[in-house]
Amino acid sequence: MTTRIIELRQGILKKNDELARGLRDRFTSAGVLVLNLVSSPGTGKTAFLERTLRELRARGACVAALVGDLETDNDARRLAASGAPVRQINTHGICHLEAEMVSKHLDGWELDGLDYLFIENVGNLVCPSSYDLGEKIRVALLSVTEGEDKPLKYPTLFNSADAAVITKIDIAEPCGFDRATALNNINEIRPGIRVFETSAKTGAGMDEWLTYLAAQRGHAAS
Amino acid sequence: MHELSIVASVVDSVTESLAAYPGARVLEVRLRVGALAAVVEDSLQFCFGIAAEGTPVEGARLVVKHLPVTMYCNACAQTVELEGVQSFRCPRCGELLSDLRQGRELEIESIEIEEAPARVGIEVTP
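Just so you know, the protein sequences line up as chains E and X, in that order. Numbering of the first sequence is given in the working numbering, commencing with residue 1 and proceeding in unit increments. Numbering of the second sequence is given in the working numbering, commencing with residue 1001 and proceeding in unit increments.
Hint data in this document are derived by calculation from the structure and do not stem from the laboratory. Among the hints, a few may not be true.
Claimed, not checked - DSS-like cross-link-like pairs, simulated, lysine-lysine; straight-line CA separation at most 25 Å:
no., chain 1, residue 1, chain 2, residue 2
1, X, K1065, E, K14
2, E, K15, X, K1065
3, E, K104, E, K14
4, E, K15, E, K136
5, E, K153, X, K1065
6, E, K104, E, K153
7, E, K136, E, K14
8, E, K15, E, K104
Said to hold, decoys possible - Where chain X lies over chain E, by a calculated footprint (3+ residues, C-beta under 8 Å):
no., stretch
9, 9-19
10, 185-191
Remember, predicted model here, so these are calculated numbers, not experimental data. For every residue, glycine included, the Cβ atom is placed at its ideal position computed from N, Cα and C.
Start from the sequences and build out the full structure, keeping to the hints where you can.
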């Protein structure tokens, strides 16, 4: 019997990474800015996205969304009320979205006509960090009810984010939310990251967020 | 927990790489996993046995090499190794760092196989 060592040196998620690269090329050539929204369940991703879609449409932008959940199309129906095209991805137990799921659900959509595509990931702060979906911007969301140390508990996700959004700031005070500590923790894990403090209910912080999106789209198109 | 889908990808890739070695048995699979890869070794080990069942990888050892996070510190003009993932500050000068050099790896480094013995003689079909 002979034994032999074979050097493979390949990424374990090579297939996902290759698909994601293909998607990124498609998005770039279509001129659509793609964002991947990641948070724990209950942070308010859907409410934040509902408001974002509504306000972008009011400003004349063409927007669409894909939303991932284990089961139900409740979130897709909520988001579709904004008037934007929305598709639900049901993962049936899988704890994250993968590039292939995104690719399949884009069938028949004219990407060229879109300005923004939002992908709302499955509520989970661990697994989605490993899976590239071809997005330009990964957004980590955190609500004031979750505790200021969330970024320290889930550094792998926060460290891979391009922007952070704090949600539900309208109830920060009754929750005893310590803003300075939260901002400091985010900065310890992802130094220099842009942080938006928002409320989907009152609209606080939304202008700043929308201005950021427009600027990022400008970069993507150039 | 996505370790099962990760080891399932490992088993698929390893099985594909065996095409040139018909009948080979895999003795060991070596992975490189960065501290920011968001996977847990215990869970990888547990799932690996399940994913390998009924494949040429069944019975192989899974060896995981853990890689610490390293980042480039401009102030120190060198790459530094972080002790953990709770703070992204330079352990030498305390500067906050954002230039990641290592830590997200999730790779198959190599495999060790036992090749099937070469056939001797001529097979005769009755």
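Status of the hints after comparison with the structure:
Between X:K1065 and E:K14, the direct Cα distance comes to roughly 19 Å. Compliance with the 25 Å bound is thereby established for this hinted pair. About 22 Å separates the Cα atoms of E:K15 and X:K1065, which keeps this hinted pair within 25 Å; it holds. Taking the CA atoms of E:K104 and E:K14, the gap is about 18 Å. The hint holds against a cut of 25 Å. A hinted pair counts as satisfied when its Cα atoms are at most 25 Å apart, and E:K15 with E:K136 qualifies at roughly 19 Å.
Straight-line distance between C-alpha atoms of E:K153 and X:K1065 comes to about 23 Å, which keeps the hinted pair within the 25 Å bound. Restraint check: the Cα-Cα separation between E:K104 and E:K153 comes to about 33 Å, which exceeds 25 Å; the hinted pair is violated. Of the pairs offered as hints, the one joining E:K136 and E:K14 holds, with about 19 Å between alpha carbons and a cut-off of 25 Å not exceeded. As the CA atoms of E:K15 and E:K104 are separated by approximately 15 Å, the hinted pair is consistent with the 25 Å bound.
By the rule of at least three residues with a Cβ nearer than 8 Å to a Cβ of chain X, the coverage given for the stretch 9-19 of chain E holds, with 7 such residues. Coverage of the stretch 185-191 of chain E by chain X holds in this model, with 5 residues showing a Cβ closer than 8 Å to a Cβ of that chain against a need of three.
The structure is inconsistent with hint 6 alone, although it conforms to all the rest.
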